[in-house]
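**Q** Make the full structure from the sequences, and use the hints.
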Amino acid sequence: MTVPKDIPDKWFPLVLPLKRKKQKAVNGVKSTKKRTEEERRVRANDREYNEKFQYASNCIMTSKYNIVTFLPVNLFEQFQEVANTYFLFLLILQLIPQISSLSWFTTIVPLALVLSITAVKDATDDYFRHKSDNQVNNRQSQVLIRGSLQNEKWMNVRVGDIIKLENNQFVAADLLLLSSSEPHGLCYIETAELDGESNMKVRQSVPVTSALGDPNNLASFDGEVVCEPPNNKLDRFCGTLYWRDKKYTLTNQNMLLRGCVLRNTEACYGLVIFAGPDSKLMQNSGRTKFKRTSIDRLMNTLVLWIFGFLVCMGVILAVGNAVWEREVGSLFQSYLPWDPPVDNFMFSAFLSFWSYVIILNTVVPISLYVSVEVIRLGHSYFINWDKQMFCSQCNTPAEARTTTLNEELGQVEYIFSDKTGTLTQNIMSFNKCSINGQTYGEGTDPLGPQPKVKVDFTPFNPLADPNFCFYDDTLLESVKVGDTHTHKFFRLLSLCHTVMSEEKSEGELFYKAQSPDESALVTAARNFGFVFRSRTPGTITTTEMGRPVTYTLLAILDFNNIRKRMSVIVRNPEGRICLYCKGADTVLLERLHPSNQELMNITSDHLNEYAADGLRTLALAYRDLSEDEWETWSESHRCADKAASCREDRLAAAYEQIEQDMMLLGATAIEDKLQEGVQETIAVLSLANIKIWVLTGDKQETAVNIGYSCKMLTDDMTDVFIISGHTVQSVRQELGRAKQRMIDLSRTRDGEKEEEMAGGFMENGFKEVQEGDGGGGKQLQCPPPSAPAPPSNLMDNISGEFALVINGHSLAHALEADMETEFVSTACACKAVICCRVTPLQKAQVVELIKKHKKAVTLAIGDGANDVSMIKSAHIGVGISGQEGIQAVLASDYSFSQFRFLQRLLLVHGRWSYLRMCRFLCYFFYKNFAFTMVHFWFGFFCGFSAQTVYDQYFITLYNIVYTSLPVLAMGIFDQDVPDQRSLEYPKLYEPGQLNLLFNKREFFICIAQGIYTSVVLFFVPCAVLSNATQSTGVPLADYQTFAVTTATALVIVVSVQIALDTGFWTVINHVFVWGSLGLYFTIMFALHSQTLFKIFPNQFHFVGSAQSTLLQPVVWLTIALATAICIVPVLAFRFLKVDLKPQLSDTVRYTQLVRQKKRKPVGRSVGGAWCGVGSVSEGRLGARGSRRSGYAFAHQEGFGELITSGKNMRLSSLALANFASRHSSTWIDTLRRKKHSYAHTPPSASGESSPAPSCVSVSVPPLSSSSSVLGGTQDISIEEERGAAPVQNTQAVAASPTQTPPTLASASEEAAPQALNAGVLTPAAVRAHGGDSPGGWTVTLGTVQEALFGWKTRTIASNSPDPPSVAKETSQIE
Amino acid sequence: MVDVPEVPLMGKVKGKSGPLARRPDNSAFKQQRLPAWSPMLTANTVLPFFYLMSLICMLLGVWLLLTVQSTQEIKLDYTEAGTCDICFEKRKNSSNAAQPCSCTLVFPIKKALKGDVFFYYGLQNFHQNLRRYMDSRDDGQMVGRKKNLKDQNGLPIAPCGAVANSIFNDSFILTYHGSSGPSVLVPLLRKGIAWYTDKNVKYRNPNNDNMTLVQAFEGTAQPLYWQKPVYELDPLDPTNNGFINDDLIIWMREAAFPNFKKLYGVLYRANQPFTKGLPAGNYTINISYNFPVQYFQGRKEVVLTTLTWFGGQNHFLPVAYLVTSCLTLLMAVILTVAWWKFGKNGKRMEE
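Those protein sequence lines, which keep their order, are chains S and W. Numbered according to my numbering, the first sequence spans residues 69 to 1442. Numbered according to my numbering, the second sequence spans residues 1034 to 1384.
It should be emphasised that the hints constitute simulated quantities derived from the structure, not laboratory data. Don't be surprised by glycine CBs; every beta carbon is placed ideally from N, CA and C. It is possible that part of the hints are untrue.
[Unchecked claim] Covered stretches of chain W, as calculated for chain S (at least 3 residues, CB under 8 Å): (1) 1073–1083; (2) 1260–1267.
[To be verified] Result set (BS3-like, lysine-lysine): computed pairs, CA atoms no more than 30 Å apart in a straight line: (3) S:Lys-1225 x W:Lys-1063; (4) S:Lys-199 x W:Lys-1063; (5) S:Lys-359 x W:Lys-1063; (6) W:Lys-1374 x S:Lys-1225; (7) S:Lys-1068 x S:Lys-940; (8) S:Lys-1205 x W:Lys-1374; (9) S:Lys-301 x S:Lys-132; (10) W:Lys-1374 x S:Lys-1209; (11) S:Lys-1162 x W:Lys-1374; (12) W:Lys-1232 x S:Lys-1162; (13) S:Lys-189 x W:Lys-1063; (14) S:Lys-301 x S:Lys-232; (15) S:Lys-455 x W:Lys-1063; (16) W:Lys-1232 x W:Lys-1309; (17) W:Lys-1147 x W:Lys-1108.
**A** Listed below in structure tokens is the structure:
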């Protein structure tokens, strides 16, 4: 019972074309069908039925060629390149005898070489694609065929098959989840490969199918799915399942997409809906935009110009030919009659034009493109090989994923960086704390030689997390001693949070926190002896100093943006009620009891210290509540909670009411760990005049905090503007105000500038850059500060340091067409720009904006899926291969694992690449002009007859053999200054940004030099040889001697020139330069040898020329003279340039030379001003900082509700199993049982002892918070969410009559019709319904923010059964 | 392509494992730390170089100039000179091409030409360097391989092509009229004056092992403008006939420029009074004037010259060297001044 395999694997490469054709045909059909294919119909377990539609199979095909088709297809592709076609055209021209001024092989040899190099590269690429396709297609999956599971290759899976997935397996195709081993048909997936989000997501099957369970039932499943046609929307699926005459709505929640990995789920079954090329993954992996560098574009323009120049020369020479033929040639006809088709001089001129086009074609160098590719490839390998960009922790070397952008790395002006995972490690560490006025933690004396001793917690606390680091054991002592404040402090940390715990085995605790900050705090408490063990919706179990304690959780006063704090109210085993609160110091310190004044002062000093260190601070406080207070408050809270209108406000008011008169406990300081070397990197990059913009989805406080800690923002900044308007007007106003202030301030500053320059300006390492070379007299000579711009554009010469912080809403307005110019001008005048709360799309928009308005090279760096759009739209995309999946890396052009490698990538590799490429291009154009233009001059002496100066073999080999290797070696290996210097002197990066090394001006200089050389090379031998004779009396003026002399002079001159251009003579350069010269002479002697002539007398006319020419002293004197005349002016010019207008690189080189000679480290002090940047800024850490406190977490509101509802508690986890053993059943089971036995139990039956915490709520779509906004405009995403919400709500409504939390309900069949009925209800109706009845459900649409950052549709049960009562009921059942 | 993270785009997956498995090799090449020499244009190197360069050019120039001064050259344009104007007129009409015409040119040599004296004929405005002119030759034929380019009768022309067809066919007899004694015919060596490779490799007669040349060239036609077949080019020396005739070989070595001279003969110095060269006195050249130049407004000339190691008289090279030397010196001075007065690099850095 095997499915017939249509193709054995070993034939795979051979049969692929057939398959491919078939597939193409299918695709072709589909592409025509696509317009008509409105929907897809798939019937489970029915291949015959599904085959009717000819859906694509699961075989993917990313390779382009196979053995048979490779040659024609590849050649066809290559000849689509204009350059190649041009040379083909030349080749055809050369076959016309009247035109052919060169043999056919002069063109075909280089062309064939170029084509074959490209073909080899393409073939290698395709081979890897074949390999990977093969590997993917041959993965095994279990397919349910006629009731039994069979192993099948992925490529043989068909639409409509049911396949079984096991834990940690890749999903083979886009599946409809039918059932899983977990209860309620839940399963967990990791979508890192798909969207880059590393967190786990939950998928749930449709209730009816989740009941099917085992393969036997599934084999008889014959439901039919009708859904949308294949598309690339990852977060959207719309379909209907028809089974047993019933309809079930399908959403993205039911889908497992190809590329995901099944996690924490034993097994699940799915129905293949989209396979292979139709799957969303493949639909998404569209062709990435081909990026071209600015040099590429310039090169193309220049090649066009050269082409125009070529035509001009052709025309000039053709006119010359016409004149000559008329005046002279006609007289000469007795010796040389015109060829038959030519009957007048005009026609002769016409032919002469084409002949000259052939001869002069070498000005458009055929090997240019291929050489450029080779050089870039070399540079890419150097990036891959760079040991200093290898991260040993994650075993990741840097990778140049695109080989075509290297030199653009040397021209970057704007860097757009993601924050989380890029600048920061996204690891929070509990660093310091202040308890009752006493500060603990490392770094109390930063100057002292304090050996960092990690506190060892294990002897004290077996439950401690071994990974936790803390360096101050006085705190542990204080805990051991039993200091009450310290105990209270950590008790608060162990209770006041929304973390979930998982205990795999005894003592092995895993915390799952919504934000890493919370996890850090709870882990700190854990290590200091207050171990949070587990929670239920109504209790928190901890182990305090080794003693298990269970607190009753009375209420969670959840966090939100306005409150900036969260509290819990717990009852300890002794029955005392206490409120624990943690929050931003700004809000919390206001709500303290007056008696705290003194402590508050000390603590806020500590807070200031922490904030100045860039730590995230939280203040902690508690309040003991009496039973009465609690009672009254809980009553008012209940009222507020039930309120039909303004519920949020009233709740907030209620919270406010109880969070008063608190006692301060202390403060915590958490370090949002920056990636290694971020500060230094940013400092160095900004010294290199690269502007860094941080674009983050994070909140403003967080972003600003990070801005400070990575020294993008400093307290020395003149001003930091925060744009946070919500309307167009307010944003415009704020921008205008910022701009005005900048202008004002810079005016006043300009006045003070002189004093400041003289004064203590050195304190700020950054300012020097801004002001050009101020300060130290010892400073290196660097290019003078750019001349002040004309006053017409005030924004261009803003002095002083400003920073701009703008958030998402304002950005949306600022990006509108009428405001964008203003925004750009304001933002670009700022030293640092931070955009927070931005969507992925906005990130891309910002990048596009700068690209459009600034004409600058942009680089985007990020690590997550939300950075993909930015990475793709920037000139250069860099992916950080971190924890957040590989999506960003896949979209990127370069990838490495640490932000700090960016400085090496740009300042070392990018700079070198740019320099090498520029030098290469300059020289390349030079040598070709010097080579070709000689023909032009010769035209005037040979009657414009298109006679070449050189031997045809020389013409053939000049570009590909005689001169290619030295220039390639220079293009690959050249260095002007060593890598450490380019990091020490970031200013060296500037020429690239200003595009100084290769632009149109430089190009014309090269061309002029080339033409000059050609003039010398023609006229000097011409003048010498026309009269000279050999020492035997034989005249030297014969054509062959002249050709050999000129060619030799040319090769020598260009070799001397490359020797001058090469700044870094490695062995390879020596070998190539000398080797090329040697090769020239060897080949020439070989070609002029008697042996070859005897075999092909018609091909080797030059027999004996080399020998008889090069033995003549006159010839060598001529060559020497020509070389001297060519090189001396160049040398003088270069020397003057270095001497009078030295570039920084020249100076650095010189310094190094002097240093090497003197053998003593004099230069260090010179470089000191530049090197010391890091330390200078380091030293200022202690400066008074503005207080930046923050509950600035990636915290989301509403998590407390989720906890108390118990929804997010994992069912299969051992933690809950433990809990279940203690409580006899899991809470969920309880609920389920309750559903059956107590279907209509009044909710508040539990009475006095456990007053229902009314904040308990049920989040209906338990899975929806994972929706990510990928691609698509935000409007669309809102629309989509709106579309999705009603569906979920209708389920809720359908379930409400039975008081069943709908996600738990294994939707019984009688519920289904109701669900269908409810399906017609509009959201409004649902809302109304919910508002009316106390047992109903309220739909709260999130705020706009939520709309942007992941939607949450919460349905809150105001009177749902409260957990404690459930527990009771459970025990009753037992 | 998103589906295959396993296959890196570039580079190879190595078999090693462990945390540093993918660590790049620490080789000087891969880390771009190859030992290298980075030269720099500093005043210490560039300025001495310029002075040295200037000096060398100067010395070379002076030396060459002195050498060139020691050579003598006599150039005679005989296109219309002497009695040749008659022949010049005669050759204007191509119908007279077959009629022989000779003329005489008288000239004095005031100072004896010492050493080897070389006799050249020169042509001006004759384009041997036209592409089609040069392409029309067939080296395959000249090496004795094949016979091609049929004429009207279907016979292959030997030697074929415009180059051979337009061979320079004037001949000269130089006579010395000493102040005392009778006129002496100046003996000229007409053989062994071509490139060795031309004479021995490039030009071969068709298989003439046991055939006479006439037999070998049987079935070929002579070029259109030729008066006699290729195997009768040198009536005196039978081994100098066919394709290996020196005059033919020399003519076939095309000149690079429209004005050129080609070697006609070398003074044979075995007998008096020519053992030391050409003595001073009067000379006449008897010219068999065959080559028409008026079609292309050309000129014909005869050149007599002595040589040094360096070749014939050639003033351009020494002058060019001297000029280059002066310019380099000027540049060196300017550079020195610029470096001394305005230079920013050297001095400030060294302080």
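**Q** Within a Cα-Cα threshold of 30 Å, do Lys-1205 (chain S) and Lys-1374 (chain W) meet the stated pairing?
**A** Distance ~14 Å between Lys-1205 (chain S) and Lys-1374 (chain W) Cα, so the pair holds.
**Q** For the pair we were handed, Lys-1225 (chain S) and Lys-1063 (chain W), check the Cα-Cα distance against 30 Å.
**A** holds, 27 Å
**Q** Test coverage of the region 1073–1083 of chain W by chain S using CB-CB distances below 8 Å; three residues minimum.
**A** holds (count 7)
**Q** Please verify whether Lys-455 (chain S) and Lys-1063 (chain W) have alpha carbons no more than 30 Å apart.
**A** holds, 9 Å
**Q** Mind checking, does the region 1260–1267 of chain W have 3 or more residues with a CB under 8 Å from chain S?
**A** Coverage by chain S is violated for the region 1260–1267 of chain W (0 residues, Cβ < 8 Å).
**Q** Holds or violated: Lys-189 (chain S) and Lys-1063 (chain W), Cα atoms, limit 30 Å.
**A** holds, 21 Å
**Q** Taken at face value, is the distance from the CA of Lys-1162 (chain S) to the CA of Lys-1232 (chain W) at most 30 Å?
**A** This hinted pair holds, its Cα atoms lying about 14 Å apart.
**Q** Just to be careful, I want the Cα atoms of Lys-1374 (chain W) and Lys-1209 (chain S) compared with a cutoff of 30 Å; is the pair within it?
**A** holds, 13 Å
**Q** CA of Lys-1162 (chain S) to CA of Lys-1374 (chain W), is that 30 Å or under?
**A** With Cα atoms ~64 Å apart, Lys-1162 (chain S) and Lys-1374 (chain W) exceed 30 Å; violated.
**Q** Checking one constraint from the list: CA of Lys-199 (chain S) to CA of Lys-1063 (chain W), max 30 Å. Satisfied?
**A** It holds: about 27 Å lies between the C-alpha atoms, which stays within 30 Å.
**Q** So if I understand the rule, the pair passes when the alpha-carbon distance is 30 Å or less; does Lys-1232 (chain W) with Lys-1309 (chain W) pass?
**A** Given pair Lys-1232 (chain W), Lys-1309 (chain W) holds - Cα atoms ~28 Å apart, limit 30 Å.
**Q** Is the Cα-Cα distance between Lys-1068 (chain S) and Lys-940 (chain S) 30 Å or less?
**A** With Cα atoms ~29 Å apart, Lys-1068 (chain S) and Lys-940 (chain S) stay inside 30 Å; holds.
The earlier numbered hints that this structure contradicts are 2 and 11.
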